[in-house]
Every structure is written in structure tokens, then in C-alpha cells.
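Q: So the chains spell out like this:
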Amino acid sequence: MSTIIRNQEEIGSLQQQRVLRIIVLGIVGILLFRLYQLQLFYNVELGRKSTENSLRSIVKEPIRGYVFDRNGSLLVDVGPSYTLMITPAEFDRRNLPLLSSLLQMDQESIEERIERGRMYSRFSPTRVKRDIDFKTLSAIEEAIYRLPGVTYQVESKRYYPSGAYASHLLGYCKEISDVQLARMGEYYRLGDLIGFAGLESSYETMLRGQKGYEFIAVNARGKILGPFEGGQNDVVPKEGFDLILGLDAGTQVVAESLMANYRGSLVALDPSNGAILALVSKPDFDPSIFSGVTPAEEWARLNNDTTKPMFNRASMTRYPPGSTFKMVLAAAALEEGIIDEKYRIVCHGAYRFGNRTFKDLHVHGSTNVVEAIQRSCNVFFYQLIHKVGLEKWAEYAHRFGFGQSTGADIGEETMGLVPSADYFDRVYGKGKWTQGYLVSLAIGQGELGVSPLQMAVYELALANGGILHQPHAVQFIRNKFTNRVEELQHRTRSVGLSPRVIALIREGMRRSVNEPGGTGGAARIPNIVVAGKTGTAENPHGDDHSWFVGFAPFDDPKIAVAVMVENAGYGGSKAAPIAGLVMEKYLLGSIQRYQYKPKIAPKPKVDSTTVITAVQ
Amino acid sequence: MFEYFKEYFDFKTFLVTLALAGIGLISVYSATYDAGAASIFQRQLSWAAIGFVAMIVTAILPLKTIYRLVGPSYLVLLLVLLVLLVVGKTVSGSRSWFSLAKDLGGQPSEFAKVASLLALAAFLSRTTTIISDPKHLIAAIAIIVIPMGFVLAQPDLGTSIVFFAMLLPILYWAGVDNFVLAAILSPVIVAAGALFGTSFFIISVIASAALLYVSRRNRFIAAVAFALTLAVGVSVQFVYERLPSYQQKRIMTFLNPEADPLGSGYNVLQAKVAIGSGGLFGKGYLQGTQTQLNFIPEQWTDFIFCVPGEEFGFFGASIVLILFGVLLMHGIKVASASKNKFSSIAAIGIVAVLATHVLINIGMSMGLMPVVGIPLPFLSYGGSALVANMMMSGLLMNFWANRKEY
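Line order of the protein sequences matches chains R and Y.
The first sequence begins at 1 in this note's numbering and counts up by one.
The second sequence begins at 617 in this note's numbering and counts up by one.
Extracted from the complex, chain Y is given alone in its bound form (with noise of 0.2 Å):
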């Protein structure tokens, strides 16, 4: 019985989401204590709870099962993500949509990820896919491309990059040509490249062509890419210059968060604060000034990361960046162990999901990274993010147990 468990249980993944989804309660009760949102925490406690359960069902669920629920599950959450788009439009702005999705229990394009993920790896493991065919090609970046549309039409930027961000990595992992993900990733760079100022487009520029020359197979193909890239490049810095003031702030603020103290660049400036004065060992559970006196709006959502910044400081802040870094790793491991292509892909994409998340998330904290607003696996406040991350947990475990099964 022991020995079994030990081949299949996959302690790694269930560890290391219970020990993160623990460092997660303990920061959210900091975050909240005080802060006269105690029901916060209350509620978060019972969302855990859900979510291990969501976590063991997935994991024991069998893999076919999981693979026809799939299909269903992606047509329900792209029709459900359309419908609050559409009803949020039509009932007056953005505000009613919120309260319509909190009414609702959570945001449906969490699970849009999972849901998106699993059916762009069920698409690619099928026999009659040809990933070298341009018409499955497309096809496979509609099935993200779709749902990602809805959501940043909310507008939810940062869930729309997270939809992006695991396109590449599954792509790559399925087999796609390195030119066909080079071609898709040189517009982002230059794009961000534009928004940064003369000298780094070029920089951004000259690296895109260099990514195309690299991976090129047709020199006309790659002189097109290269053109539309510059195309996208320009466009950016055309857009940038129309937009209204309070957008461009924006943008200039991540840029520069130290220029507007009291107004955008607040956060930022204010999670920085947490996270340096917590200098090697933190000041103490619940002692942290920064936390406890509230000096960052919404702690326990998207700055989730400055309460064990500032609490545990560096030892403890460390030890989540190597809890998530356990797991990242060990989710390649599944897909590499995993002789069954659909969910060899799907860890891919978890990974991917997790990944993003983790390096935008800790990034804004630590202002690597512009305020886009996702929330940090397994620790931030949110029950429908928390459901989601452990469901992949399962599934990560699920695949493990089922990795020599074809």
C-alpha cells in the first residue's frame, strides 16, 4: 500500500499547494487583522476549504473522465464570460459587472485558465492534429485567443496576459515550429520595447530580428514577420501618443513609480516599502507596520507577497519563492514523466499559468513589473483563484499518478 502510494501519491505537488495555501491564510489573517475586514480571513478559510477538496476530487477523478468533461467545460466558460461581457456592457459599465461577478461567487476566467489550458492540450494531443498545419495552427491560438478577447474586454489586462503567456510555452512544448513562436513573441517585445522609450525599442527591435533570424526557415516569411513586428512596434508608439493623459500616467508610472508618490505609483512605492523594511529575518508575525497600518490598499488581494516581505523578510519571503519554484519545477518533471500527451500539454500549461502569475505578481510587488492586478497563486485573497489553483494542483497530481498511462 505504502510502496504504491509513494509511485503514484504525488507528495511534491500536495505539500507544496498546502504548505503555499498555509503561507496564504497566515498572510491574509495578517493583511486583514485590523484592518476591519475580518471576515476576510473567515471567508478565505472557508475557500481553502473548498478548494482541497476541489484539489483531492480532481486528483482521484479519472483522467478520461477529465478529458471529455474538457471539451463542455471551455463551451460553458466562454459562453458565461460572453454573457457577463455583454450584460456588464449593457447594464451601465463596468461597476454592475463586478458586483454581478462577485454575486456570482467569483470571477469565471479564473477558471476560463484551466478550462482554456485543457482544451488547447486536448486540441494538440488529438491524432488528427498537425501542428505544422497552418489551419490547426490558428486553431489552436483561437482556442486561447478567444476567451483571452473576453476578458480583456472586461477589461481585465492582466488575466488577458496570463491567457497569452501559457500560448507560448504549450505551443512550444506541442512541437511548434520555434520560427511560428519567435513570429508570435517579437510583436509583444517590440510592443513593450515602444513604451519604453527610443533607445529600448531599438534594443527590442534588433532582438526581435534577431529571434526571426534565428529560427527562420523561409528568408520571405521571416522578412514579413519581421515587418508586421515593426508594423505592431510603431503602431504602439502612435496608440501611446493618442491616449488620453490619466492612461499615459499610467503607463509612465510603472515606469517610473517614485515620480507620482501619492498618486498611481502609490502601491508600488508603498509594497516596496513593506517588502525592503523587512530586511533579513521580517519584523515579526503581525508587527509589520506596513501591513498592519493598511498603507497598501487591497494588501490582501495583489500585494499579497509584502506581508511575508515584511514579516518574515528575506528568509521567509524566499521560502515562497522556493516553495513556487518547487513546484514550477516539478510540473515539468509531471509533463516530462507523463507518456500521455494530452496531460504532458496540460502540465505544461499549468505550469505556464503558474508561472506567469508568480513572476508578474511578485514582480509588481517588487517593482520589476507593471501594477496589471493578478493575483498571487495560493495566496491572495479570492475564493474562485484559490478553487483554481488547487484544481490545477490536482490536476498536476492527477497526472502524476496517471504519468505511465498512455
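If we strip away everything but chain R, and leave its shape as in the complex, we get (with noise of 0.2 Å):
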């Protein structure tokens, strides 16, 4: 060994060994530094990320909450659905194909939802497929053992047994949208369902409920290891507060079947309150169709439809209202003390403003207001308007809710149009217009623009004497946290006419459908004292709209309706039957005239009791 093995001398110098000591020690303080910084430095932001990471949240969904008409009976109704969800981070690629011909949905939709799902958490299930029929369900549960990360879900889905679509009133529920989602923050994640129309969205808050959460173990691979602290940090969904709506789904029903043919709009409200009892926008939908999944050409059918039956005609439209507005002007006139009922005019069935001739439809000779409002007589209001004058007509057209919106709780509408001075300045010029565009107005023609919404509430407050109430849908809210039924509340103002004119103008509406002369006619009920007021607006486009608004029982109204039928010609003919039906079905529980029969076949009822054992 000696010769080949030399003396230690030339190697391994005290220099050498301290530098390579330095270099060992220098390592070694490094981790321990670094191990320093992390574990006790960094320690609590790191243990947060650490809990974060071994616990995952599964959303329990809340049951939406029902709609229930005045008398108690199930509008919307809740049932389960399933809905196929896959954990991004569990899901095996390879498993596409075999997925995609299970569900019937072509792959690249699969992985777009997958990757969706994976941007915001790998490890939470995305929803994948909504609403999977039952044969679906079971193919996959057969399949399941092949398919790790793929669950299901029991969502709530909406059934609407009562048999009134009430689609424009009620809305519909859609997935969320990626706008919504980002400005509506934590609540909702991606394919959540939410309002998105109607009482839907203007009770979204309160229809859905509080989402539960089930703390869980999992290891990494997701594999759930078992609650977490034993589940004491769970939280239990909470169900959604049930809506007890003022509507009669009754009259509901045949005020829909009795438009179905038309397109145009009827509202019923109680005049006592402001309760809708019924609200038609035709052509309409079936919301049912937007409580699974939504086919994209069913979607893009309702979108297109020239007809447009997702429009709201009720609150979002502005007709001029025609002659049903003639009130407004007497109410005015009398209360300001212009004219009294004695006061007549001769009618020969024209008015000459200026070098132009505005014309009557009838000869209507020597005419006093209630007989105006009776017969419909334009000269009357022709030669009002300029005593009243535009200011004073504006003002009393405010008061009875006119040119601003309504606040009726079933989403969007508009303030319609009064035109005042200043708009007339605006949109001529200042000095550009005459006394001569103030005839039209006297009549409900020309500038002015109403809802068949806000033509309903200014019904209301003549029905009742001068009490404009705010419309609402939603009367009562179960609170389920309280369990307590709890009343809405609603703005209520007086219109600020004195019982004189009232009674001056209700005896002409009296009048005008039940003496000789009136053009309400149609509007009558047997045994039941009707008033109300046709109306035909013109309309440039086409032919003219046909309008009726009115009030039963006279005496004890318990009713105030507007119907505007488009392109339907005379008011007296088209909307007015329309309307007395409607008030009938309401006051009588059913039509008694003829052996009616709704056009609408009543959709087969699911036992809501089932179905919620079901979901829960």
C-alpha cells in the first residue's frame, strides 16, 4: 500500500480544511435560514394556504322558493333536476369519448366547461350538464366506477302546474352569465342559475335561498377522507322564502287564453290595494322551457321572433292611449274649477283649430261631461284642452301616475311619456309649436305615451275614489328563517280630487257601457254594474290599437282593468268583451255567459309534496 498511497502532507492543508468548513457551515446556515424565514416568518400566511388546500366546500343547493296565487294554489313549483358535475382536477381525459356518447353532448362542449370549471378551482365540481334525464342518470351510474370525478347533483328546477304561463310576471330563472358573474361577486359562481326576468329577478334574493356548505377532508387526488372536524363547521342551505302573490290564477288563465289570438296586453289590479290579479303580454312563452336546460335554438327562436314574446307589452310599452285618457282632462277641468256638470258644448261633429279641422266620429249636438265621457266626444275635449291648457292637463296626468314609472315589482318598465313645455321647446323649438298640437293630447292622441300598466293603476284609483295605490305582484313573503308570513308593504297616494269629480267621472264611465249612446257595451256582465272607457289609438304603423279600461262592481269596485289589443281596431269591440270577461271570471269564479272553454289545455300537476321529499 505504501508505494501507492503517498504521505497526507501535500493534501488537505489547515487553509483547505478551513475553507471547505466555511463552504459546509455556509450551507448549512442557508437552510436553516431560509427554513427560519418560512416556518417562522411566513408561518401564518402558510398555514392559512395549508388549510385552504386540505379543505374543500361542496355547495349545498338551497331549494328556490314557490310562488303561490291569492287563494293559496301552486304557481311555481319546485322539483328536483339532476345536473351532471365533473372535479377538473379528477377527471381523466381519456374518459371524453365514453362521457360525450353518455350524455349526448359533443366533446369539445364537455372540455369547455371542464376548463371553465378548472379556472376556478380544480378541485370543486363544475357543473357540466344540467337537467340529464332520469335514463341519463342511470347510464351514468351504471358507468360511474369508470369515471373518476364525475358526480351528480340535485338541483331545484321549476314546474309551473296552475296552468297560466304568467311568463312576462313571474320571469324565468337562466344561468348565469359571465357579466353577471363577475359584478355580482361572491355569492355566485359559474353555472348558477339566477333571475333573470319578472318576480324571478326582483326577488332573486329572496327566491333562492342561502347556499349550505359541507366542509370536507380530501387528500390531494381529491379523494374525500371524511367531514372535516366532523362536520361542525357545515352550513345548512337555506331554502328560499315562498312569494304569496295577489294574482288570481284563474282569471289569470282565461285573461291569457282570452289574448291568446291578439298581440297586445291586460292588466287586472285590485283596487283596494294595488294587487296585480292578472297580467297578460301576448304573444308570451312558456317559462317552463327555461327550467331545464335551455335548447340554444329555443332561445334563439324567442329572440328572433318578430312578434318578440320575451317583450313585456304591459310595463315596458308606450302607446298613446286614445280616448281612455279623456278623463285625465275632465278630472282636470272640473277639479280646477273650469267647468262644472253643467257646463255644455255643441258638438256637430268637428272642431276647427286654426286653419285645421279635427273631426268627430258622431254628431254628438249639445254635450255636458258625463255625456262626453259616455258618448266619447272629441269636440268636448278639443275646445277643453285649450281652457285647461297644457300645464294643468300635464299636472293631473301626473297625478294619476302617468309619465313616471309605476314601481310594480315585476322588473323594468317604462316612465312613458306626458308631454310638458318644456318637451314640446325640446323637441320643435322654442316658439315652434302651437296651441294646435294640444288637440291631439285632449283626445290621448299625438305625443303622449302610456303602459297598459299605468293605464291600469289610473283605473284603479277612479274604481276607487281618488287612492292611487303602487302595483305590486308579491302581497306576502313566507320568511323561512322567521317562518313568519310577512305582509309587503306598498307607497299609496292620493290623486287630490274631490268625491264630486270622481262621481261626475265614474257616472260617465257608468254610462258609457251600460246607457244607450256609450261604447263600452261590450264590457258588460250580467247582474253586475261595469264602468269603464273604450279607447282607439291611432297608430301610424297600422291599423289602430284598440284600448278598454274599466272597473266592476260600480259600486264596490273589487276590479280595475286595462286591455290594449295592437292593430285591433275599435276599442268598444276588441278590447271591451275582453275585458268584461275577465272581470266576470274574477267577480263570478266563472264565466256564466256561454260554455267557455280556455284555449289553453292546463298542464298535468305534479304533486309538489313528492317532489320536495325528493329534493330534500
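Hints were generated in silico from the structure; no laboratory data involved.
Simulated restraints, written as ranges between beta carbons of each label pair:
(1) Y:I666 <-> R:Q232: 41 to 49 Å
(2) R:F33 <-> Y:F627: 25 to 33 Å
(3) Y:Q658 <-> R:I22: 37 to 45 Å
(4) R:Q232 <-> Y:K622: 57 to 65 Å
(5) R:F33 <-> Y:P688: 40 to 48 Å
(6) R:F33 <-> Y:A823: 15 to 23 Å
(7) R:S13 <-> Y:A823: 24 to 32 Å
(8) Y:L768 <-> R:L137: 51 to 59 Å
(9) Y:V692 <-> R:S100: 50 to 58 Å
(10) Y:Y649 <-> R:D286: 51 to 59 Å
(11) Y:Q864 <-> R:D92: 26 to 34 Å
(12) Y:I666 <-> R:D92: 34 to 42 Å
(13) R:F33 <-> Y:N834: 33 to 41 Å
Glycine residues also receive a C-beta, built at the ideal position from the N, C-alpha and C atoms.
Work from the hints to combine the two standalone chains into their complex.
A: So, in C-alpha cells, the structure goes:
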């Protein structure tokens, strides 16, 4: 050995030893310092991350609230719906073809949903297909052992057992859009349903309930190891509040069937409180098409339909009201003392103003205010508007709620248009418009825009003696936290008309329906006195719109109604009979004049109790 | 008898090795407990037993026998590496290579490391070797670079880094001129600096220029070495820009793991979370959520340090670090005390290999080092690595016992 191994003196000098020792101590020192940094300095932050890591919260969907009508019958029901979920971290892409054939959904769509879910959290199940049918569900169940990461979730789905669509009033739910998701913040997540229109949207926060969360411990592969800390942190989902409407389902069904072949709208209110008894906008849609997965072609069909079935004609339109608006002018003139009940003019069938002649339909002869309403004498109102003036007329229109939103809880609405001097100045220029512009306004034509809902509110105030109630669909809410039924408060104000004035106008409206020479005879109901007013609104784009507003019974009004049928011509012949039948149905419980058959077959009822049990 | 034992039995290496291997078994048990990998602990336990026997055998074999075995073992392992490389390449890619390597009971490169450092030590300790002779220097470097090339071609970047890292301390210990060391080191510094961006590149260029200047013997040669260094740095940048984007991404992920928390940086981030959440005393054995819930893939191999880090906290993890520190410092002591040049150089080689593993592995777990995937000695799961490491401990014990022999 001595020949090949030399004395160590030439190697390993003290300096070499020192250098290597310093390097080793340096390495250990650096690592110790880093250890100190991570474990004692960033400990809190990293500890929090560690907890988040191993915890998975499983969202427990609450049951959305039910909607009942005024008699307690179910308008909107909830049933179970199965949603296929995929946890991105666990899903094996090689299973895409299998899943695609089971779901009958193309691979790209499935992948896209998974990718979107992955962006949110790779460990949380993301919705891939909503409302899968039972057959598909059983096929998936059979193959589930081959499909890691695939689960399903029971969610609630809307059913409409009453036979009424009430689509524009109830609204519908739809999968939350990306824009909403960005705006609404914390509560919602991808794939959640959210109220999109009508009550579903207005009362979203009450209807939706509160999501529950189940906290479970998982490993990195997403394998569930059991409840986290024995489930003591779990949050039980809270059921959504139920809405109890003022709507009368039976009247709604009748109203919908009466309007079935028309484009237009019908709004019926309870004059005592402003509750919506029926609200129809035609054409409409079956809200149940939104309850599961809405096929894209169905969605496109609804949106591209030129008759705009999604558009709420009851609150979103701005029609001229025609003669139904004459009572506003009458009220202004009487209340301001410009005329009284004895004031008369002689109608020659036409009115000259400047060099223009405004025609009337008939020659009415000597006419007072009551007769003018009864017979819808245009000449009477033509000359009256000049006595009252634009300003006073507009003031009374505003008192009746025109030119402003009604505050109804059914979603968007237009304010309509009640022109003022400022308005004309703006549109035509100062001094470039004349008093002649007012003549059309006197009979509800020209630059005047109202919605059927506003007309119903106006009618409600005439019916109840001058009290304007905020129209509303929801009267009570069943609070699931306290389990109490809470009444909602609504605005009420006086129109500010003396009883004498109201009585004169009402008398005119009574005669309009019930006396010879009245225009609204078609609205009569056997044994019940109806009051009302017809209107025929000139339409520059086509046939005239047919209007009728009225209330009944005359002495103790229980229903105020406004009907507008687009392009249907004379108000007395189209809108008035519909209003009459709707009031008859509401007041008498059924239509007794002839054998009446609803045009829409009521859908089979879903037994709500079994459905609820299934969801729970 | 006891006096003899006290004088010649290397208690320090023996006990520290057993302590580290024990912590390793405890950690592997925790990392695989509930991960559906219980058999891994069983296997590691058997490997520990085999490793223990290997350590004792290596410790009591006559030094001369070891010296004689070095050459043949080195050549056999070179051949094995080459064969596996060729077979692995021709039989459809690296996947079959791994399964083949597993069938052979481990990775020969673990043993090749030990054989190479011993071979280099043997070469440098020959009386006929004159280290200042460039031919001998190149031969010495070749002893390491050849197996390193085979390992790099596997491809196993981590292990090849270890080969390179043991070269410098061994040459330094053997008395190679500082300028040569600087000339070997400076291209590596500049290449690393080039990847960190312009400012780091400039700093690394200045640092290597300073290294070369301070250690220079001849201005011209120093200038040539500096020019080569610069060329390496520039070509690294040039190559980096032409790398496929996934490889660029891998490098960038090392530089900033948080940028891609669910991609390649995932392991590092989870490892940092595991260690950091341990705090002062840890979450308790088998209570680490990161560890028990398998947030760190294959934690029992490269990220085993997270287990003591998370479950025993700063207290436990620093004990591991201190044990390594004690072993490494003692290795230097063994090298210094050895009158025998071969064992002195070999001891430094062992220290260098272990230190590199510790620095890279633990540094990687704590986000200080790139994820190059080399195991933590004695702790990480892996039969061949454990046996090879325990053989190195056995060698240190052997060198200590024979330190007075010439």
C-alpha cells in the first residue's frame, strides 16, 4: 500500500480545511435561515394556505322559493333536477368519448365546461350538464366506477302546475352570465341559476335562499376522507322564501286564453290595494322551457321572433291611450273649477282650430262632461284642452301616475311620456309649436305614451275614489328564517280629486258601458254594473290599437282592468269584451254567459309534496 | 477493548447515519401512510436493513481491498450506464428505461457516483499522477465527466449536477491550482446568471472575472478563460431563446413558481406551504395536512424534507439540518486526519456528494433551488440511493478507523 499511497502532508492543509468547513457551514446556515424564514416568519400565511388546501367546500344548493297565488294555489313549483358535475382535477380526459356518448353532448363542449371550471378551482365540481334525464342518469350511474371525477348533484327546477304562463310577471331563471358573475361577486359561481326577469329577478335574493356548505377533508387527488372536524363547521342551506301573490290563477288563465290570438296586454288590479290580479302580455312564452336546459335553438327562436314574445308589453310599451285618457282632462277641468257638471257645448261632429279641422266620429249635439265621457265626444275635449292648458293637463296626468314608473315589482318598465311645454320646446324649438299641438292630446293621441300597467293604475284610482296604490304582484312573503308570513308594504297616495269630481267621471264611465249611446257596452256583465271607457289609438304604422279601461262592480269595485290589443281597431269591439269576460271570471268565479273553454289546456299537475321530499 | 473502540470506531458517522436513516423511515411512513402506498414503507425498511449491512461491511473491509475494487467497479458501472442508455434509447424512449432500471433494483447512477469519486481519489492519489500536468488534469476531469455525460443523457440533470459538484472540492483538496478551479467554475456561474436576466448575467460575469483575475497565473490564459466563459454565457442565452416553450416555462417556473401555481410550480409551492405551515413545533406526527392529504406528489422521494418540516416544525427540521452539518463537518475531519491520500480525497468526495444533495434537495423544498429531482440522503425513499449513501457512511467509518495508516 505504501507504494501507491503517499503521505498526506501535501494535501489537506489547514487553509483547505478551513475553506471547506466554511462552505459546509455556509450551506447549513443558509438552509437554516430559510427554514426560519418559512416556518417562523411566513408561518401564518403559509398555514392559512395549508388549511385552504386540504379543505373542500361542497356547495349545497338551497331549494328556491315557491310562488303561490292569492288563493294559495301553487303557481311556481320546485322539483328535483339532476346536474352532472365534473371535478377537473380528478377527471381523466381519456373518458371524454365515453362521457360524450352517455350525455349526448359533444366532447368540445364538455371540455370547455371543464376548462372553465378549472379556472375557478380544479378541486371543486363544476356543472357540465344540467337537468339530465333519468335514463341518462342511470347510464352514468352504471359507468360511474369508470368515470373518476364525475358526480351529479340534485338541484331544484321550476315547474308551473297552474296552467297559467304569466311568463312576463313570473319571469324565469337562467344560468348566470359571465358579466353578472363578474358583477355579483361572492355568492354566485359558474353555472348557478339566477332570476333573469319578472319576479324571479326582482325577488332573486329572497327566492334563492342561502347556499349551504359542507366542509370535507380531501387529499390532493380529491379523495374524500370524511367530514372536516366532524362537520361542525358545515352550513345548512336555507330554503328560499315563498312569494304569495295577489294574482288570481283562474283569472290569469282566462285572461291569457282571451288574449291568445292577439298581440297586446291586459292588466287587472285590485282597486283596494294595487295587487296585480292578472297580467298578460301577448305573445308570451312557456316559462318551463327555461327550467331545465334551454336549447340554443329555442332561445334563438324566442329572441328572433319578430312579435317579440320576451318583451313585456304590459310595462315596457309606450302606446298612445286614445280616448281612455279623456278622464284625465275631465278631472283637471272639473277639479280646477274651469267647468262644472252643467257646462255644455254643442258638438257638430268637427272642431276647427286655426286652419285645421279635427273630426269626431259622430255629431253629439249638446253635451256635458258626463255625456262626453259616455259617448266619447271628441269635440267636447278638443275645446276643453284650451281652457285647461297644457300645464294643468300634464299635472293631472302626473297625479294619475303617468309619465313616471309605477314602482311595480315585476321588473323593468317605461315611464311613458306626458309632454310638457319644455318637451315641445326641446323637440320643436321654442316658439315653433302652437296650441294646435294640444288638440290631439285632448283625446289621448299624439305625443303621449302610456303602458297598459299605468292605465290599470289610473283606472284603479278612478275605481276606489282617488287613491293611487303602487301596483305589485307580491303581497306576502313567507320568511323561512322566522317561518312567518310577512306582508309587504306598498306606497299609496291620493290623486287629489274631490269626491264630486270622481263621482262625475265614474258616472260617465258607468253610462259608457250601460247606457244607450255608450261606447263600452261590450264590457257588460250579467247582474254586475261595470264602468269603463273605450279607446282607439291611432297608429301611424298600421291598424289602430284597441283600448278598454274599466272597473266593476260600480258601487264597490273589486277589479280594475286595462286591456290593449294591438292593431285590433275599435276599442269597443275588441278590448271591451275581453275586459268584461276577465272581470266576470274574477267576480263570479267563472264565466256564466256561455260555455267557455280555455284555449290552453292546463298542464298536468305535479304533486308538490312528493317533489319536495325528493329534493330534500 | 473499549479504548480501542473509542479510538477507531467512528461513532459520529455511525450514529448520525442511523439517526438520519431513522428520521427517513419515520418520514416515509408518514408520507405514505394513507396514500395507498403502504408497501413503500415496507420496502424502504428492507432497504434500510440491506443498507445497514452494506455500511458495516464497507466499514470493516480492509482499505486495500476497497482500493483494489475501485477500478473494476468504476468500469463495470460505466458499462452498465452505457448499456442501459443504449438499450433505453433504442427500446422506445425513457419510459422503458425507467421500468428497466426499476427491474434492476435501482438506479446504477447512485452507485456510479460513489465509484466515480473513489476512482478519482484513486487516480489522484497515485504516485505517478502529477496534478499540475494538464494531461493528468484532463484525465482526472474525464473520470467524472464521462459517467456524468451518461447520466445527463438519461436524462437525469440532478444527478449529473452532483457529479460536477464533487469535481471541484476533490480537485481543490488534491491541490489543483485555484485558477483551474476558477476556470471550471466561472462558465457555470455565468450560464446560471444568464438565465436570471440581464442584471444577474452582468453580476455573474463580473464575479467570474474577479475569480479568474484573483487566481490568475498568466494574464493571457486568464483572458482566454474569461473569453470562453463569456462565450458560454452568451450561448446559454442563445440556446434558451430557442428552447421549446415548455422547457423555457420549466426554467421560468423555477425562477418564479407562484406565476404558475397549478402547473410546474405546484410541487414547490405545496412544499413551501407544507414546511411553512409547520411553524415552530409542527403539526404533530401523522398530523400534517399537506403531507397526509398528498398535496405533494411523490413526496416520499424528492420532497421528503416536507414531512419533518410540516409535522415536527422548525424544531424537527433544524435537527435534520444540524445532523447533516455534523456529518459533513466530521467528513472534513476524517479527510484531514487521514494520513492516507486516497481515503483523504475520497472523504472529501463523499462530503461533496452529500453536501450537494442536501443543498439542492432541501433548497428545492424551500424554493431556494430549482426542482432538479435528486433525493435527500438517508431520508428519501429509494433503495439504491439509501444503500449507496450508507456505503458512503461505511467508507467514512473505514477511513476513520484507518486514518493513521499510510
